[in-house]
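Chemist: Residue numbers (our numbering), protein chains in the order written: chain S, 1 to 611; chain U, 1001 to 1101; chain C, 2001 to 2490.
These aren't lab readings, by the way, just hints derived from the structure by calculation.
Note that beta-carbon positions come from the ideal geometry of N, C-alpha and C, so glycine has one too.
Do not rely on the hints blindly, as some may be mistaken.
[Claimed, not checked] Footprint (simulated), chain S over chain C, 3 or more residues, beta carbon under 8 Å:
1. 2382-2392
2. 2403-2417
3. 2436-2450
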Amino acid sequence: MDTLTLALLATLSPLPAFFVALVLLNNRPSMAQAVAIFGTALALLGSVGLLLQGPTEPLRFAWFSSGQIHLQFGFLLDGMSLMFGVAVALITLCVMIYSLGYMAADPGRARYFAMLSLFAWAMLSFVYAVDLLQSFIFWELVGLASFFLIGFWYEKPEASAAARKAFLMTRIGDVGLFIGILMILPLTNNFDLPALLDPDTGLVKLAGPALSTITLLIFMGIVGKSAQFPLHTWLPDAMEGPTPVSALLHSATMVAAGVYLMARLHPLFMAAPDTLHIVLAVAAFTALLSATIAMVATDIKKVLAYSSISQLGFMLMGLAAGSLFAGVFHLITHAVFKALLFLCSGVYIHHFATNDMREIGRRGGRSLGATTLGLAIGAGALAGLPPLAGFFSKEEIFAALGHEGSTLFYIAALIAAFLTAYYTARMFFLIALPDEVVKEHHDDSHHGSPQPIVMLAPIALLAIGAVGLGFFGAAIAAQLGLVPAHHEIASMLPAVGVVILGMALAYFDYGRTAAPRRGFIAAVPALHALFVNKWYIDEFYRAVFVRLNDALSALFFAIESRFFDDGFDQVGHSAIRAGSGASRLQNGWVQFYAGATMFFVGLAALYIGLR
Amino acid sequence: MTLESYLALGLALFSLGLVAALSQRNLIAVLIGIELMMNAASLNFMAFNRYVVEDPAVGQVFVLIIIGLAAAEVAIFLSIILRLYRQRREIDSEHITTLKG
Amino acid sequence: MPILSSILLVPILTLCLLLLMPARAVSAIRWLCALSGLAASALSLKLFFAYDSLAGGLQFSEHVSWVEGVGISYHVAADGFGTVLILLNSLVYFTGVLTMWDLGHRVKEYFVFMVLLVIGVYGVFMSQDLFFLFFFYEIAVVPMYPLILVWGSGNKDYAAMKLMVFLLAGSALLFPGLLAIYHEAGMQTFDMVALATHSFDAEFQVFCYPFIYLGFGVLAGMFPFHGWSPTGHVAAPSAVSMLHAGVLMKLGAFGVLAVGMRLLPAGAVYWAPTFSVLAAIGIIYGAFVAMRQSDFKFVIGFSSVSHMGVVLLGLNLATLGKAGADALNGAVFQMFAHGVMTALFFSTVGFIYDRAHSKTLADFGGLGSQMPRAVSLFIIAGLCGAGLPGLASFWPELLVFLAALETYPIIGVAIIGGLVLTAVYILRVFALAFYGPPNPRWEGLRTQDMRGMQLLPRAILVAVLVFFGFYPNAMLNTINQTTAALLGRF
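Pulled out of the complex, with its shape left as it was, chain S reads as follows (with noise of 0.2 Å):
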């Protein structure tokens, strides 16, 4: 097949089936279920033809075009995409044959998959996308699709209100992005990426303070959609939603859109160094806040979402310090075992119904064995214990940091890796090694097996993916036309020695059989509170920036009705006062009149004698 039926394949076959789960299936779940998974595995098999055609010139079309600027869409196929997209393609498959069994029993399942499918069209067009304006557009599809399906169970409060957060949250990011894009046109009057980021006629060339500026506009987008601080707090909240979309969109894909444009605007990153200091700053920063939150946090989709923040965190890093490689190989390892985690949570909260871990633990977590083969390994690819595959992309980024020579981030992003490693291995012994494990007696048969084949095949390809993608790091490198830096092996000991702290502190805060079960950091109460509260953040925002809307809306709401509506009586009031007023002098007295008619022609005959 040709390029373009394979670009179009990938990216326009899950419109469709959007369509018709949503709009002619609505009541027949398992008919839209089967349409919505043809769709993605019809997008897969164009993302894998494109991978294995490799990359090709960027096709355009005409699109848009008022005044001077003249817009094409049309889909860039260089490495990077090929390889996301393919990623996100075969993950999404993944997270629709598990929401098979995941989403049995529940009766909107055709409006979810529709759903999932109108992200999987949006995030692969985002991937895909020639054109900055186009990148925009599908960047902010793929918000519409995650806020509808954390608000999925919208009958719940909490679900509708997590829905509301995420699009605004996102949308304050987006607002830089829009800014920062629309500042690009008047410099170039188009969008095309491949014209932007050229070295000798892009972007690239105009570098100081303007290109500063737009660099950081475009990270503010960045810094909502990746769930950076200061705009971080919509992500932990959106574990509202089912958990498989959490695995899909609020960890593997979606959320690394932000990484993702970053990685694909790199060179113009790497012309404003004002900008890198800040991404790395608030990078690290984030890091290191979710790192502790996720610390102390009980809620096992909580723990993963504050990691996803952390690890994103990581990602950026990565970049900012100048290696595009370390930024999107940690990318793709990431999405692949964030998401066998979060799969493999999904089973437990879908077994156990609760999303305690020392609640799973207690009753029974470790029973299921395969689910928790699949945690083991993808916790210890998240902590970054060799060979599975966050080791090797980890490994990348501290190699970045070390390279760019700024001591004090290489040690902030060591302190992370010290508490991922914590955190992590934490999650996997309160689950797999409580204290007591209480017998209960489960009715199955309503719930059918709590490993369905439907749910393990996809943590099993994933947790493949977890072992081995780390040894793919020279592949993938090539498919981005870099070089991988061969790093010594003395230059692995400092993170290596961190994860085995950290997992060795775990294990004696939370794994050996005398354990506390309570975490180092009780010991200094402060921080302990400080960290379960999130540092306050939340509570920050509600009390300035919520108030601070409401009282802006009331004070303009007050203007219009005092100021305006109420103004604009008085002035009819006082025309109708006006008229009353008079009509007085019509008294009805007749000689009232006479006298008047005689005062007035009296006047006039003055004024005509006196001429």
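Assemble the complex: chain S is given as a structure, and chains U and C must be docked to it using the hints.
Modeler: Structure of chains U and C alone, referenced to chain S:
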């Protein structure tokens, strides 16, 4: 006798009538005041007729019309006053203000 | 058969037939109006495709002298803007008739007034003669009064009176302005094409432009004279709100464009900074006020103030700076997109109101599971209002924002930031009325969700929004040349 003296008499007559028409509250008195004013106008017509105009018929025609008008007016006015009196048992102009705004 | 006159004749014939029909032939009246809407839509589509977008300019011109002594003639023609807006009017007319299909109270009279309004709107969009423009303008405005007073709801006496007072005050400013143009030109003609060749004295333009801008601006819901519009929206029956917000408010903006900017370019340039600031305030202001409303229709009403602010801002920015073409394209595109979007809003809210007899947000809650289809349609309209890409409103906002950012960076940043405010009030409606646990009071509505024919008008509107959301060139190609020609005057 000059034209001025006729006009002065007319003015006096008219002023008396005006004062009566505006100040009296009894509608009959008002009617008398109006009649006085009309007669002043007639007097003026005749005076001008005598001293200014060539053809004496013009002024006389006007005066005749005024007299006719006055007669008709009195008839209507009195009948209205009568109706009012039957309804309200008074003919005080200050109290007859049904048409006020 | 000249196409513009036939478009105008369709509703006129409908009106004559309606007047002859017995009032009890309700079903025949509905069908007649629906067919007339369909015919008008078909003709407008034909016009849309027949318009030669490469040539641009005024096309399909028809000229008949009427009162030669003062130079009044029936002169109709369509440029790119007119073509697009005529299509919009047909669309809203057709879907509006279908929306009012279930009306039971004084059906004949209702449609008589509605068709009268439609005639006026068509007339304004195609008139090239100042006299006829004003004449049709008044025809379009006046039927609003009985429509709200008789078929409205809530505080309808107040709303109808307020609307009338505001709009006639606008006309009172407008009429002397138009006469002054006629007088000043001294050409003894009301023909705008002829008047456009006259270059008016700059001082006169500066003096006269505010009359035209404010006079038409009142109808476009310009801040601070917007008060009539939300009140009117709320009290009016659904299809009237559709026409009112969807088309009537566009008359104002179109008037500014076709009379003010075309005939008085120097005045437009002089006043643009002032009116830009007012329009930008309107955008932000409308969004903030919408955030606190407790009534569906008030939220939409103030969102209209905000969105029409984008149109007015675009018109003013068009006269300044180098991104003028984008600003003007954006303004006209926004007229169309906003028209379709509010039509969908009111059509859907009307549907819910007709069944629940409430449009207070707090009364609902969890309506999403009880009337999923109606709610989905509202959500689509809401997302369009929030400027989501993929729906028509995104493009005009993009263009106007772009121009604002280039001309007045501070205004640009402020109104792009306003996107967050828009999202806040739209999401608030979703959260209050549609999400959350279902309210047992509305369980009865489960069986009354939209179906069959009721879906048709709304589906058409959604299709239009999505089509232009993904293929903006369909719009821009039509208006690009006209935009360029108008900008040539500055």
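Chemist: Hint by hint, say whether it matches the structure.
Modeler: Taking the hints in turn, this is what the structure says about them:
| no. | hint | verdict |
| --- | --- | --- |
| 1 | 2382-2392 | holds (count 4) |
| 2 | 2403-2417 | holds (count 6) |
| 3 | 2436-2450 | holds (count 3) |
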